[in-house]
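J.: Starting from the given sequences, assemble the full structure and let the hints guide the process.
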Amino acid sequence: MTHMDQTTIVPGTQNGDKHLVENTEASSTAPAMVLQGLHKSFGAQNVLNGIDLTVGSGQTLAVLGRSGTGKSVLLKLIIGLQKADSGSIHIHGQEITNASLEEMNEIRKKMGFLFQHAALYDSLTVEENIAFPLRRHTEMTAQQRSDRVKELLASVGMEADLKKMPSDISGGMQKRVGLARALALEPGILLLDEPTAGLDPITSGEIDELILKLQEEREVASIVVTHDLHSAKLVADRIVLLHQGNTVMEGTFEELEKSDDEFVIEFFKRDS
Amino acid sequence: MSYRENIPGRWISPSTPQPEVLVRSALASIWNPINSFLEWFGELGIFIWQVMRSTVRRPFEFRELIRQLDEVGSKSLPMVAMAGAAIGAVLALESRQSLLKFGAKSMLPAAIVFSIIHETGPVVTGLVVSGRVGAGIGAELGSMKVTEQIDAIEASGVNSYKLLAFTRILACILMVPLLTLAADFAGIATGWLVDTMAETISLHKFLHAGFARASFSDFLAPTFRTAVFGLIIGVIACFQGMRSQGGTEGVGRSATSSVVLSSLFVMLADVILTKLILVFFP
Chain A
1 MTHMDQTTIV PGTQNGDKHL VENTEASSTA PAMVLQGLHK SFGAQNVLNG
51 IDLTVGSGQT LAVLGRSGTG KSVLLKLIIG LQKADSGSIH IHGQEITNAS
101 LEEMNEIRKK MGFLFQHAAL YDSLTVEENI AFPLRRHTEM TAQQRSDRVK
151 ELLASVGMEA DLKKMPSDIS GGMQKRVGLA RALALEPGIL LLDEPTAGLD
201 PITSGEIDEL ILKLQEEREV ASIVVTHDLH SAKLVADRIV LLHQGNTVME
251 GTFEELEKSD DEFVIEFFKR DS
Chain B
1001 MSYRENIPGR WISPSTPQPE VLVRSALASI WNPINSFLEW FGELGIFIWQ
1051 VMRSTVRRPF EFRELIRQLD EVGSKSLPMV AMAGAAIGAV LALESRQSLL
1101 KFGAKSMLPA AIVFSIIHET GPVVTGLVVS GRVGAGIGAE LGSMKVTEQI
1151 DAIEASGVNS YKLLAFTRIL ACILMVPLLT LAADFAGIAT GWLVDTMAET
1201 ISLHKFLHAG FARASFSDFL APTFRTAVFG LIIGVIACFQ GMRSQGGTEG
1251 VGRSATSSVV LSSLFVMLAD VILTKLILVF FP
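These protein sequence lines are chains A and B, in that order.
With the first letter of the first sequence counted as 1, position 66 gets the number 66 in the working numbering; the numbers rise by one all the way through.
With the first letter of the second sequence counted as 1, position 272 gets the number 1272 in the working numbering; the numbers rise by one all the way through.
If you are wondering where the hints come from, they were derived from the structure by calculation, not from laboratory data.
Here the structure is a predicted model, which is why all the values come from computation and not from measurement.
We treat Cβ as the ideally placed atom computed from N, Cα and C, and that holds for glycine.
Where hints are given, some of them may not hold.
DSS-like mimics (lysine-lysine), calculated; alpha carbons at most 27 Å apart, straight line [stated by the list, open to error]:
#	chain 1	residue 1	chain 2	residue 2
1	A	K233	A	K269
2	A	K164	B	K1075
3	A	K163	B	K1075
4	A	K233	A	K213
5	A	K150	A	K163
6	A	K150	A	K109
Residues of chain B placed beyond 12 Å of chain A at every Cβ, according to the derived structure [unchecked claim]:
#	residue
7	R1024
8	E1043
9	L1077
10	A1085
11	A1155
12	L1193
13	T1196
14	G1252
15	I1272
T.: Given below as structure tokens:
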């Protein structure tokens, strides 16, 4: 049975919409994310040439590669911000490449996305930024929402900056607030686009520790796009190295380190 | 050696374009702008469809709508009122001279009132709002687009067309007619002030003379025409903002093109709607 077969469309009663409802049996056994033969090009430029990846619940996959190899595009395809030219993406057994906007929005509620530059809403305070998904997708009272925001901010060490505007905090702090916002709805999947880029080693270490804590406490399936080999070694169960839209190698950090592939050697040598 | 042999032959550089290349490039220079023009309209159509689709689904973003009503309405009010007042004063000064020449000085209040409520009030309001609100929306959404804030909204499962575009478009549709009333009021008030400074006339008498021959349709149709101006300003500014790309330069381009295009379409719509109003409300 394919993943597509495991997905059923049931006429929902909520708002009179149709909701994609996962087959519970399928969702409990299926990996959190399965990407098969993903192709994406922009005009004449092929960015991804048939990527296959699988990430199970509680696993963290680090995606490495040179700039412009389509790492961020890969994350945007998974969350549906861009459409793949061909191939399939299954989230908890549910095929999403042909999902409508409404169906995709339902799936997105189960995912958290940390953008490369945090992408905090600059007209809202830190508190309002984190409350944004809670206000829209939960029935929480104002007090419950406020408590949840404080709890999330405390988990990223930012509880003192509740009322600050994004422009008043540093890049590292923005990343932490972005991470807290991504975690607001307790997603089963986390997509992190260069979470430690441009941060000092201490802040990078704190972000890494946060990701590790999430793995332990919440069994979150994560894909971390990074250039930071140290961070990848620390947080990822497996690493995939992309080059010119293709997977060069996939394995543990130690496996990649011992590889005799020229590109892998070059990549690791440059970093060390 | 003959004289002719000493004349150097016409040297053709190997890099000189061949005729067919020149023709192709000439055709491309004609076709590319047409193609971009058609592409722009196609994308605009898709954008409008996405916004329309989003309007019928819950939740109805009332909080954001109220914020936008304030942003478009109350924050534009001083500028619109000042523009209306200036137009009223100029009309009174200019019309007085012209009507005196034709011995029709008594028609001055009617001339001011009619030209303000029929044409100058709606058009000036449309153009002022195009400038202030169009640039504001274009720059705000453009900036949100290039800093991935719109992507972040979508990634959190919220329809950005409804939250950002629909609320702003609806705010423009609702507020531009109200702002037009403010411009009309300010224009008529300063028209009377200027008139009474030249030759004393009571406000009551001025208004009575001004509105003596005005019917409800004289007032209603031109004012509601501005709802269409609001629609145009909102749609163009949101569209230009949400398709912004290329960093701060792109944001600047979005803001500029929002103002230029919405002003252009407001003027075009004014011509068409004036003709329609004259047909249906003669």
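J.: Hint by hint, which ones does the structure fall short of?
T.: Hint 11 contradicted; others consistent.
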